[in-house]
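First to last, the sequence lines map onto chains B and G.
Using full-length UniProt numbering, the letters of the first sequence correspond one by one to residues 1 to 517.
Using full-length UniProt numbering, the letters of the second sequence correspond one by one to residues 1 to 441.
You may find that some hints are simply not true.
Distance condition first, Cα-Cα at most 25 Å in a straight line; then the derived SDA-like pairs of lysine to any residue [claimed, not checked]:
(1) B:Lys502 with G:Pro304
(2) B:Lys502 with G:Lys158
(3) G:Lys158 with G:Glu285
(4) B:Lys482 with B:Leu18
(5) B:Lys514 with G:Gly254
(6) B:Lys502 with G:Ala198
(7) G:Lys60 with B:Ala503
(8) B:Lys502 with G:Gly305
(9) B:Lys492 with B:Arg80
(10) G:Lys158 with G:Ala198
(11) B:Lys514 with G:Ala289
(12) G:Lys60 with G:Ala35
(13) B:Lys514 with G:Pro286
(14) B:Lys482 with B:Arg457
(15) B:Lys514 with B:Leu18
(16) B:Lys492 with B:Ala503
(17) B:Lys106 with G:Pro86
(18) B:Lys106 with B:Leu121
(19) B:Lys514 with G:Val303
(20) G:Lys60 with B:Phe32
(21) B:Lys106 with B:Arg475
(22) G:Lys302 with B:Leu121
(23) B:Lys106 with G:Thr2
(24) G:Lys158 with G:Ser96
(25) B:Lys106 with B:Arg136
(26) B:Lys514 with G:Pro86
(27) G:Lys302 with B:Arg136
(28) B:Lys502 with G:His321
(29) B:Lys502 with B:Phe32
(30) B:Lys492 with B:Asp477
(31) G:Lys158 with G:Glu27
(32) B:Lys106 with G:Lys302
(33) G:Lys302 with B:Phe21
(34) B:Lys106 with G:His53
(35) B:Lys502 with G:Thr2
(36) B:Lys106 with G:Pro50
Treat the hints as calculated values from the structure; they're not laboratory data.
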Amino acid sequence: MNTAESFAELPVTPKPPLRRFHQARWDEPIIFELSTPGRRGLAVPEPGAPPVELPESVRRAEPPGLPELSQQLVLRHYLRLSQENLGADLNIDVGQGTCTMKYSPKVNDSFAAAVAELHPLQHEDTVQGVLEIYWRLEQMLAEISGMARVSLQPGSGSAAIYANIAMIRAYHAANGEGPGSGARDQVITTMFSHPSNAACAKTAGYEVITLMPDADGLPDIEALRAAVGPRTAALMITNPEDTGIFNPRIQEFVDLVHQAGGLACYDQANANGILGITRARDAGFDLCHFNLHKTFSTPHACGGPAAGACGVSAELAPFLPGPVVTSDGAAYRLETPPRSVGKIRPFLGVTPNIVRAYAWIMALGADGLRQVAETAALNNNYLMHKVLQIRGASAPWGRRRIEQVRYSWQELSEETGVHSEEIGVRAADFGVHYWTSHHPYVVPEPFTLEPTESYSREDLDEYAAILAQVAEEARRDPEFVKGAPYNQSIHKIDSTPLDDPKAWAPTWRAYVRKHRP
Amino acid sequence: MTHPYIPNAEPRVRAEMLAAIGAESVEEFYADIPAELRLGRPLDLPPALPAEHDLVRHMKGLLGRVTDTEQALSFLGHGCYPHHVPAVCDEVNSRSEFLTAYAGEPYEDHGRFQALFEYVSMMGELLEMDVVNVPTYDGFQAAGTALRMACRHTGRSKVLVSAAVAADKLSKLRDFLAPDIEIVLAPVGEDGEITVPAFDAAFAAVYLETPNVYGVVETRGRELADLAHAHGALLVVGADPISLGVLAPPAAYGADIACGDIQSLGMHQSYGGGHAGYIATHDHEPLVAEFPSRLFGIAPTKVPGEYGFGDVFYDRTSFAHREEGKEWVGTAAALWGITAGVYLALLGPHGLRELGETILARTRYAMDALAGSVTVLHPDAIHFREFAIEVPSSAALLDALRERGIFGGVALDARTVLVCVTERHSIADIDRLAAAVQEVL
């Protein structure tokens, strides 16, 4: 279906050949359908000791209805499923904007594997090398953010956002302005900050105030002036926001919040384009976080395990989740900060990813990180230049962008009736991924591209050419685009049962009960 | 040198790209960053190691300065468990297609959706519940969220929590349920089980863990379910799924929400990096509405008989509704869910039962073996995988054992040590521990 014939007419130059991609299609059954009673995929050791009789009250009455498969069949099933999956190693993964998809060096996986058999409660003397990696990474991230101390405990970016709001709550409580005091019960965030900033603040008990963008696409500073006051616990803001725009008045935002007695918390999920260029602390922020799987290259793993890092000023350091690592220059020890908010996660965080992130920074050094940032910005502006040549695509707010752009297909959609989500599905037919969730749709028919430093100019040309091809198809034959996908593992999905309690099937047993009685 | 990870840092390519854009230099892209916020100096970081060989040597130098639980004989557990990880689990979770994917759509990431759907489906069979979430971060988070779900569902703000819960987990619950939910602790009885306390209609839930922090299998689940239900509250049970080949699933004695950690299902210990949380309920719409995390379900495609997948009831989530969603959802631990699915598929119902029997038998064997030289706590209770011993000095015992190449357990306090035994510990390993304990005491 996606032949290359029409390609010479595309409005992008140079004109790379259109890839004749087809995703693997195995028609792989659900694993329960592969079951044959009596088979097994693993033998377990015999007890070698007398059996323990269990009373009926705690004994399982019936064996669980798990599938029964031989080992090779399990392996084959999952390898087929892996082939029906488009990892970042396989595609030009610039379409997952806001998520900073970059190359995760293979050598780092071997370092992660080297910690597989360490137990988190081993004596400190037996894990000095790993504690040194923690300590060194904490120091590096402190330098990169300008903060005084860093904790590597959170399991992801959102968990780090939560840890930050927990520290904000504890800090105000220590000053007699905690929950129940009637003071500092509001958190201010912005519409283009990640939803977790709003949702974590709400979970922690705060009323959330969301600033909308002004005519220039920046969070409205007048709205901030109106919102800030004695009830302000904190500002939680991403910068650059998911639009790719850096807020030039960020210092004013921080100052306004500080003058009202609130704290300023920097979501650095989008830090990739500013590494070595500007730092959270230099703009006066009290807390920040990094997503190690975004900015520091640990693999995204289908949605985790990820890893997060919280950085804080000296004033907030006593509240960090613990333990953190300390060093006297000879040995490394674990220490829980005196007013710690406690555990955010078991043990010391996602160690395999701590090790990977450390190795990635070591491979690049200060010059390398600066090259990462500059190249991410270069790639982004180059791709923007390409995309804006495609008729029907636009980018609101004609400002400079850092590492990503939130674009709009509004014009194309008005002309053809084809929506952004449908364009994304059709783009996948060419072997690239394009993310379509940007709730709420403040920018109409949105799509966000974030090329990072990992992709070559040829990759960016190819990606832009694919979008141009799909835009042309939408004009020529909108129903064809709406009918996509054609080259995927499966065909167009009818999503209606997913929202209907009578029909939804979140497990196989629910499916069998409702649809195969 | 053009760094191997940054293709467009090559000077000629960079110049051509700038020319195409019509920009003089990359500085133009940073026009919005005020001069006073510029760092103006290189970051102060250690010298770079761009050559892979140099990096490997550096990392090996650091990672060589550890003694892991294969070099020592380890009886450490307390929330992170040394179960055997089948080679197929490692093979699947190290595949690039899974390891480096993220949030693709159900079409190009069909395999991820199906693998996660199969994981939740196998967990559903193990738990005898119809709704299981795509993994949240860890068992701590799962317990915190499960209790928040119970509070939202009942409209109440007080929970009864078993005191036989790890101190770190309790720390997480105290933070996560603050400021609006009150935690009341139910003391541990002499038998190592939760005591049945005063209870009233102000409570949203009873939280019970089994096996609990002492490795004791709770036997009063039904009684607590009846107590909770009589007052319009829910029973929330934290259970390690690896025990459920032999132990009754929480739903069998009336639990409304089951939750816990899946590290034991095919994840390495990884210094505590292998955790992921599960939450499960029956298919009861009001309770399903309280899940903050993603739920994947089957949906038809336009080809009859073909299985598609998608998010069930997406409107619950903070992706859709920001602060109006239920808690938050972000990148958590999906790959460990896929891996746990592989594990459950490999073991199947009989493998999981046999594994449970082996662990039960070896745990009891170890309790009996140590009983000659130390006091074994809760000796009459059923123990799965862990048990506590009382000694003159936890630190002295563990130090002396470590000198003999044994990580003897986790100190719960100055005199109590928690010992963990799994299918990886042979009878000879247990005998070696018992002999060493006798020798050093």
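Against the structure, the hints:
1. Of the pairs offered as hints, the one joining Lys502 (chain B) and Pro304 (chain G) holds, with about 20 Å between alpha carbons and a cut-off of 25 Å not exceeded.
2. For the given pair, Lys502 (chain B) sits about 32 Å from Lys158 (chain G) by alpha-carbon distance, which is inconsistent with the 25 Å threshold.
3. For the hint linking Lys158 (chain G) to Glu285 (chain G), the alpha-carbon distance of about 23 Å falls within 25 Å, and the restraint holds.
4. Under the criterion of a C-alpha separation no larger than 25 Å, the hint pairing Lys482 (chain B) with Leu18 (chain B) is consistent with the structure, at around 20 Å.
5. Note on Lys514 (chain B) and Gly254 (chain G): the hinted pairing holds, with a Cα-Cα distance of about 22 Å set against a maximum of 25 Å.
6. At most 25 Å may separate the alpha-carbon atoms for a hinted pair to count; Lys502 (chain B) and Ala198 (chain G) exceed this at roughly 38 Å.
7. Taking the CA atoms of Lys60 (chain G) and Ala503 (chain B), the gap is near 53 Å; set against the 25 Å cutoff, the hint is violated.
8. For the proposed pair Lys502 (chain B) and Gly305 (chain G), the alpha carbon gap of about 20 Å is at most 25 Å, so the pair holds.
9. For the given pair, Lys492 (chain B) sits about 20 Å from Arg80 (chain B) by alpha-carbon distance, which is consistent with the 25 Å threshold.
10. The straight-line distance between the Cα atoms of Lys158 (chain G) and Ala198 (chain G) is roughly 13 Å, inside the 25 Å bound, and the hint therefore holds.
11. For the suggested pair Lys514 (chain B) and Ala289 (chain G), the alpha carbons sit about 19 Å apart, so the restraint of at most 25 Å is met.
12. Straight-line distance between C-alpha atoms of Lys60 (chain G) and Ala35 (chain G) comes to about 41 Å, which puts the hinted pair past the 25 Å bound.
13. Simply put, Lys514 (chain B) and Pro286 (chain G) have alpha-carbon atoms about 18 Å apart, close enough for the 25 Å limit, and the pair holds.
14. The straight-line distance between the Cα atoms of Lys482 (chain B) and Arg457 (chain B) is roughly 30 Å, outside the 25 Å bound, and the hint therefore fails.
15. For the proposed pair Lys514 (chain B) and Leu18 (chain B), the alpha carbon gap of about 44 Å is over 25 Å, so the pair is violated.
16. Under the criterion of a C-alpha separation no larger than 25 Å, the hint pairing Lys492 (chain B) with Ala503 (chain B) is consistent with the structure, at around 18 Å.
17. For a cut-off of 25 Å, the pair hint linking Lys106 (chain B) to Pro86 (chain G) stands: about 22 Å separates their Cα positions.
18. Taking the CA atoms of Lys106 (chain B) and Leu121 (chain B), the gap is near 28 Å; set against the 25 Å cutoff, the hint is violated.
19. As the CA atoms of Lys514 (chain B) and Val303 (chain G) are separated by approximately 20 Å, the hinted pair is consistent with the 25 Å bound.
20. With a C-alpha separation of about 43 Å, the suggested pair Lys60 (chain G) and Phe32 (chain B) falls outside the 25 Å cut-off, and the hint is violated.
21. For the proposed pair Lys106 (chain B) and Arg475 (chain B), the alpha carbon gap of about 42 Å is over 25 Å, so the pair is violated.
22. Between the alpha carbons of Lys302 (chain G) and Leu121 (chain B) the distance comes to roughly 52 Å, so the proposed pair goes past 25 Å and is violated.
23. In summary, the hint linking Lys106 (chain B) to Thr2 (chain G) is supported, as the alpha carbons are separated by about 18 Å, within the 25 Å threshold.
24. Taken as a hint, the Lys158 (chain G) and Ser96 (chain G) pair is broken in the structure, with Cα atoms around 45 Å apart against an allowance of 25 Å.
25. A hinted pair counts as satisfied when its Cα atoms are at most 25 Å apart, and Lys106 (chain B) with Arg136 (chain B) qualifies at roughly 21 Å.
26. Proposed proximity of Lys514 (chain B) and Pro86 (chain G) is contradicted: the alpha carbons are some 34 Å apart, above 25 Å.
27. Of the pairs offered as hints, the one joining Lys302 (chain G) and Arg136 (chain B) is violated, with about 54 Å between alpha carbons and a cut-off of 25 Å exceeded.
28. For a cut-off of 25 Å, the pair hint linking Lys502 (chain B) to His321 (chain G) stands: about 23 Å separates their Cα positions.
29. Restraint check for Lys502 (chain B) and Phe32 (chain B): the C-alpha separation of about 22 Å stays at or below 25 Å, so the hint holds.
30. For a cut-off of 25 Å, the pair hint linking Lys492 (chain B) to Asp477 (chain B) stands: about 17 Å separates their Cα positions.
31. Between Lys158 (chain G) and Glu27 (chain G) the alpha-carbon distance is near 56 Å, which puts this suggested pair outside the 25 Å criterion.
32. Among the hinted pairs, Lys106 (chain B) with Lys302 (chain G) is inconsistent with the structure: their alpha-carbon atoms are about 39 Å apart, more than 25 Å.
33. A distance of roughly 21 Å separates the Cα atoms of Lys302 (chain G) and Phe21 (chain B); the hinted pair therefore holds under the 25 Å criterion.
34. Pair hint Lys106 (chain B) plus His53 (chain G) holds up; C-alpha atoms about 13 Å apart against a cutoff of 25 Å.
35. For the proposed pair Lys502 (chain B) and Thr2 (chain G), the alpha carbon gap of about 57 Å is over 25 Å, so the pair is violated.
36. Our distance criterion of 25 Å between C-alpha atoms is met by Lys106 (chain B) and Pro50 (chain G), whose separation comes to about 14 Å.
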